[in-house]
Amino acid sequence: LVGVGLNYQPELREFIASAVEQLDYVEIVPDIAWTSTVRADGTRADDDEVVGFLDSIHEQLPLVAHSIGLSIGSAHRLREEHIAKIAEWNDRYDFQWHSDHIGYNVVLDASDNEYTVGVPLPVPLSTEMLHLIANRARWVTESIAKPFLLENNSAYVRLPNDEFSEAEFINLLCDRSGCGVLLDLHNIYVNSRNGIDDVGSFLAELDLANVVEIHLAGGLEYGDTYLDAHSGAVPDEVWAIARDVLPACRNLRGVTFELLGSWYKHLGEPALRVTLDRMHELYA
Amino acid sequence: MSLQALQTAFGLLVSGSPATDAGQAAGLSDEEQQQLDGVAEQRGLATVRMLYQSWRLTKVLTLLPLTIEMLGDQAPVLLTEFWRHRPARGPYFVEECLALLHFIDERAGTFGASLRDVMAFERARLEMREAVSGGREHVSALVELDHDAAAVFRAARAGDASAELPAGPTTLRGDLWADGTERWAVVGAGATASL
Numbered sequence: 045l046v047g048v049g050l051n052y053q054p055e056l057r058e059f060i061a062s063a064v065e066q067l068d069y070v071e072i073v074p075d076i077a078w079t080s081t082v083r084a085d086g087t088r089a090d091d092d093e094v095v096g097f098l099d100s101i102h103e104q105l106p107l108v109a110h111s112i113g114l115s116i117g118s119a120h121r122l123r124e125e126h127i128a129k130i131a132e133w134n135d136r137y138d139f140q141w142h143s144d145h146i147g148y149n150v151v152l153d154a155s156d157n158e159y160t161v162g163v164p165l166p167v168p169l170s171t172e173m174l175h176l177i178a179n180r181a182r183w184v185t186e187s188i189a190k191p192f193l194l195e196n197n198s199a200y201v202r203l204p205n206d207e208f209s210e211a212e213f214i215n216l217l218c219d220r221s222g223c224g225v226l227l228d229l230h231n232i233y234v235n236s237r238n239g240i241d242d243v244g245s246f247l248a249e250l251d252l253a254n255v256v257e258i259h260l261a262g263g264l265e266y267g268d269t270y271l272d273a274h275s276g277a278v279p280d281e282v283w284a285i286a287r288d289v290l291p292a293c294r295n296l297r298g299v300t301f302e303l304l305g306s307w308y309k310h311l312g313e314p315a316l317r318v319t320l321d322r323m324h325e326l327y328a
Numbered sequence: 612m613s614l615q616a617l618q619t620a621f622g623l624l625v626s627g628s629p630a631t632d633a634g635q636a637a638g639l640s641d642e643e644q645q646q647l648d649g650v651a652e653q654r655g656l657a658t659v660r661m662l663y664q665s666w667r668l669t670k671v672l673t674l675l676p677l678t679i680e681m682l683g684d685q686a687p688v689l690l691t692e693f694w695r696h697r698p699a700r701g702p703y704f705v706e707e708c709l710a711l712l713h714f715i716d717e718r719a720g721t722f723g724a725s726l727r728d729v730m731a732f733e734r735a736r737l738e739m740r741e742a743v744s745g746g747r748e749h750v751s752a753l754v755e756l757d758h759d760a761a762a763v764f765r766a767a768r769a770g771d772a773s774a775e776l777p778a779g780p781t782t783l784r785g786d787l788w789a790d791g792t793e794r795w796a797v798v799g800a801g802a803t804a805s806l
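First to last, the sequence lines map onto chains A and B. So for the first sequence, this note's numbering puts the first residue at 45; every next one is plus one. So for the second sequence, this note's numbering puts the first residue at 612; every next one is plus one.
Just so you know, these hints were derived from the structure itself, not from any lab. One should not assume that every hint holds.
[Stated by the list, open to error] Just a sample of chain B residues kept apart from chain A, beta carbon distances all over 10 Å, derived: (1) 684; (2) 718; (3) 752; (4) 794; (5) 796.
[Unchecked claim] Label-pair restraints from in silico Cβ distances: (6) B:718 / A:89: 32 to 38 Å; (7) B:645 / A:171: 16 to 22 Å; (8) A:185 / B:656: 30 to 36 Å.
Beta carbons are placed, not taken as given, at the ideal position from N, Cα and C, and that holds for glycine.
Generate coordinates for the entire structure from the input sequences, incorporating the hints supplied.
And the structure:
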């Protein structure tokens, strides 16, 4: 598969069903199709309504999974039950590949109770963390026989005293674990806008041969911060980065547009179709 | 350096604790505390905290819209107090919203009389939703209200917690099916009327 995809959101169902010819795949965040009910094996129960739609769309288009719940950088444990659920869904949907984020959102409180902070937090870019994540990523790639990708995050703070740059950390992670990269171009644009990192130096250092998927998205200004809000049109600067980067990503399989469902009305169907056309043109 | 302690402190920092308190609670060393202080000094921390609170607030507004509407100006005060004592246990918020209802219940004497009715209704909806997501094809529930149901929902939608309401009691029957279909009706004297 090489092509163009759109993320699934409930508000986009009608659009996705009507745009099958413009899409090569649909990307789903499986966590949003699972419920709060925990089954006997520790995994989550499915939301039957979402599954019904995915079953129907899967008859027409391949699916890829982009999850948010692995929390691969959590120091206290790896959420194996999450991978078990991804494996179950891979059996059902035969994902082209699956992915999550380089970071963590599940931590222990001071009394050792686990809780979720909702947003992916940046990991220290250290040898210890590299070892931790690489071992876990290798285990994931061995557990599910599909390419496993990890995504660079948007970060609004950085931990001091990093041993590696983010790009260097990702290169080493891929070398040691066999995982690929989900390169989110909007995230590096966000980090650059907020003074966390620099687009040019990040991309110059990143081994683009590891990139299997690219994410495009839009964001918005919030006070003096630019947010990765998935809130509409892809900024011109991100399109320019995409045009520069794509030819060097020789193992690229997909470019995906991420749009929050609640912003679909603001963007509108014509603009969404134009966005997908422009994504196809990136391959030309 | 303990990665786990640092993450515990980072989590506390993001959920609103000052850096010193977070570091002490997590048992950070001096060197680790300096790292945490380095994060706390960055302007981006306010953004991360805002995203964390927005994430929690969105779920509450989605699952308990009438209760939050009825609480009006009291809602931010109560939510801040609730969140201070209870971190988010997971990405799914039914359990958290049920705990929030219990938390409000303990303080409901200070709010309008109709709030308890609205909370009873939204609690039943959450419990039915839990049952269906647990694999049941269909669940039903009866909810006893102290006031006339139509008046309660009019007041809730108007956010008017102090409205004088006709006395009940009223019994509501709710039905929820696995395909998402939901029906509520007033049960009365051998007949039901859809809401």
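- Message: Tell me the numbers of any earlier hints that the structure contravenes, in ascending order.
- Response: none
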